[in-house]
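Sequence order for the protein chains is R and D.
Under the numbering used here, the residues of the first sequence are numbered 68 to 310, in order.
Under the numbering used here, the residues of the second sequence are numbered 82 to 207, in order.
Careful, some of the hints might be misleading.
Chain R is nowhere near these chain D residues, computed Cβ spacing over 10 Å in every case [unchecked claim]:
(1) M82
(2) G96
(3) I99
(4) R101
(5) V127
(6) L145
(7) S161
(8) L176
(9) M186
To give a feel for the contact side, a few chain R residues facing chain D, derived at Cβ under 7 Å [what the hints assert, rightly or not]:
(10) N73
(11) I119
(12) A120
(13) G245
(14) R260
Since the hints were derived computationally from the structure, they do not count as laboratory data.
Only a predicted model underlies this, so the values are computations on that prediction, with no experimental measurement involved.
Even for Gly, the Cβ is constructed at its ideal location relative to N, Cα and C.
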Amino acid sequence: MNGALNNDLREIWVYLSASPLAGLTMTLVAYQIGLWVFERFGRRPVLNPVLIAVLLLAGVLTASGIEYRTYFAGAQFVHFLLGPATVALAVPLYNQFRQVRQSALAMLVALLVGSAASSLSAVALAWIFGGSSATLRSMAPKSVTSPIAMGVSEQIGGLPSLTAVFVILTGIIAATFGTWALNLVRVTDWRARGFGMGVAAHGIGTARALQVNEVAGAFAGLGMGLNGLATALLLPTLYHLFW
Amino acid sequence: MLGTLTILLLCQLAGELIARLLHLPIPGPVLGMLFLFAGLLLRGGVPRAIQDTAGGILRHLSLLFIPAGVGVMTHAGRLSAEALPIILALFGSTLFGVAVTAKVMAALLRPTSASADEAANPGAKP
Numbered sequence: 068m069n070g071a072l073n074n075d076l077r078e079i080w081v082y083l084s085a086s087p088l089a090g091l092t093m094t095l096v097a098y099q100i101g102l103w104v105f106e107r108f109g110r111r112p113v114l115n116p117v118l119i120a121v122l123l124l125a126g127v128l129t130a131s132g133i134e135y136r137t138y139f140a141g142a143q144f145v146h147f148l149l150g151p152a153t154v155a156l157a158v159p160l161y162n163q164f165r166q167v168r169q170s171a172l173a174m175l176v177a178l179l180v181g182s183a184a185s186s187l188s189a190v191a192l193a194w195i196f197g198g199s200s201a202t203l204r205s206m207a208p209k210s211v212t213s214p215i216a217m218g219v220s221e222q223i224g225g226l227p228s229l230t231a232v233f234v235i236l237t238g239i240i241a242a243t244f245g246t247w248a249l250n251l252v253r254v255t256d257w258r259a260r261g262f263g264m265g266v267a268a269h270g271i272g273t274a275r276a277l278q279v280n281e282v283a284g285a286f287a288g289l290g291m292g293l294n295g296l297a298t299a300l301l302l303p304t305l306y307h308l309f310w
Numbered sequence: 082m083l084g085t086l087t088i089l090l091l092c093q094l095a096g097e098l099i100a101r102l103l104h105l106p107i108p109g110p111v112l113g114m115l116f117l118f119a120g121l122l123l124r125g126g127v128p129r130a131i132q133d134t135a136g137g138i139l140r141h142l143s144l145l146f147i148p149a150g151v152g153v154m155t156h157a158g159r160l161s162a163e164a165l166p167i168i169l170a171l172f173g174s175t176l177f178g179v180a181v182t183a184k185v186m187a188a189l190l191r192p193t194s195a196s197a198d199e200a201a202n203p204g205a206k207p
C-alpha cells in the first residue's frame, strides 16, 4: 500500500514537474511571498520582492533538480507579458509629458550625460577589474527598465537573463544608497533628484523617489521612460557603429 | 481590459514587424511603445480603459522580471567567478549615474521656491 502511494506520488511529481502549470504557479507564489516579506518587514529597499522571489525559485529548482529550461516552459507565460508591458510604458510617459516643456533642455542634457555616464562607467569598471566580454555587454543597458534592457542586451550580444539580474541589483543599490550619493553632490532640487533616480535606476529608483516626494516621483518616472527610449535607440546604434 | 490588451498587442506586433522589415536595431516592443505614445498624442488624451489597464500591468511590472531573473542560476558560475568586477561596476556606476544626472540637471534648471526651503533638510530626500 505504501509502495503504491509512493508510485502514485512519483507519477504525479513527474507529471507536474514537466507541465507548464508548475513553473507558472511557482512564479506567482514566489512573487506573493516576496511581496509579503517586503510589506511585513517595513518595505525596506533591500527586501526587494523580485530579489526574494528569484532567490527562492533558484533555491527550490536547485534543491529539486528541476532544470531552468523546464521551469521556463511554464514561466514563459509571465515572461511574454514584458512585451505588452513595455508598450504600456507609453501611458505614464504621456501623462508626464506636459511637465517636460518647462525643463525640456535641462532634462535632455541631463538625460544624455547621465545615460552615457551610467552605461560607460559600468562597462569601464567591469573591464578594469577583469570582467568578461559577455559581462560587459550585459552590463551596458543595466540602468533602464528590464524589458528594454533585455531587448538591448540581446541586440548587442549580451545575455538577457544576466542583464535582468544587473537591472534589479542596480535598482536596489540606487534605492538604498541613492540618497547618500545625492546629498554628497549637494543637489537639493526635487526635480533633479527624482530625474537622477529614474535615469540611473529605472522603476525601482522611481518607486523610491515616489515614497519621498511627489515631484521627485514624477520626474523619476519621466527619467525612467526617457532613458529607456534613449538607451533603446542609441545604445544598439552606437554599438553597431563602433564594433 | 480586453480592448486595451488588444491595442497593446497590436502596437507590439506592428513594432516587431517594422523592426524586422527595416532591420532596425530597436526592440519591437519599444517601437510599439512609440506607436502607442504617438497615438495618444494624436488623440490628445488617455482613454480611461487604457489608463486603468496600463496602470494595472505596470503596478506588477516587477513580477514579469522573475522568470528571466531566475536565469541567474544558469549564470551562477560566472557571477562567482567575476564577483569583483560585477559588484564594483554595479555599485560604482549606479551611484555615479544618479549623482551625475541630478547634478547636471540641477545646474541647468532655474531654482524653484520648493527646493530652496528644503535645502536645510537634505537627509529626508530620495
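**Prompt:** Minimum Cβ distance from A120 (chain R) to chain D below 7 Å?
**Reply:** 5 Å, holds
**Prompt:** Are all beta-carbon distances from M82 (chain D) to chain R longer than 10 Å?
**Reply:** 12 Å, holds
**Message:** Hint N73 (chain R) vs chain D: min CB-CB distance below 7 Å?
**Reply:** 29 Å, violated
**Request:** Mind checking the CB of R260 (chain R) against every CB in chain D and telling me if the closest is under 7 Å?
**Result:** With a minimum Cβ separation of about 5 Å from chain D (threshold 7 Å), the hint on R260 (chain R) holds.
**Item:** Supplied contact hint for G245 (chain R), tested at 7 Å Cβ to chain D
**Value:** For G245 (chain R), the interface hint holds, since the closest Cβ of chain D sits about 5 Å away, which is under 7 Å.
**Prompt:** Does the no-contact call for V127 (chain D) survive, Cβ to all of chain R over 10 Å?
**Reply:** 6 Å, violated
**Separation of I99 (chain D) from chain R, once the least beta-carbon distance is taken, above 10 Å** = 13 Å, holds
**Message:** Using Cβ atoms and 10 Å as the threshold, tell me whether M186 (chain D) really stays out of contact range of chain R.
**Reply:** It is violated; M186 (chain D) is separated from chain R by about 4 Å at its closest Cβ, not greater than 10 Å.
**Message:** Does G96 (chain D) clear chain R by more than 10 Å, comparing its Cβ with all Cβ atoms of that chain?
**Reply:** 8 Å, violated
**Asked** Regarding the assertion that R101 (chain D) does not contact chain R, is the least Cβ-Cβ distance greater than 10 Å?
**Response** Holds: least Cβ distance 13 Å, greater than 10 Å.
**Asked** Is the hint on I119 (chain R) kept, meaning its closest Cβ partner in chain D is under 7 Å away?
**Response** Not OK, violated: I119 (chain R) not within 7 Å of chain D, min 10 Å.
**Asked** Does the claim that L176 (chain D) lies outside the interface with chain R hold up, using a Cβ gap greater than 10 Å?
**Response** The claim is violated: L176 (chain D) sits with its nearest Cβ about 4 Å from chain R, within 10 Å.
Hint compliance for this structure: hints 2, 5, 6, 8, 9, 10 and 11 are not met, and every other hint is.
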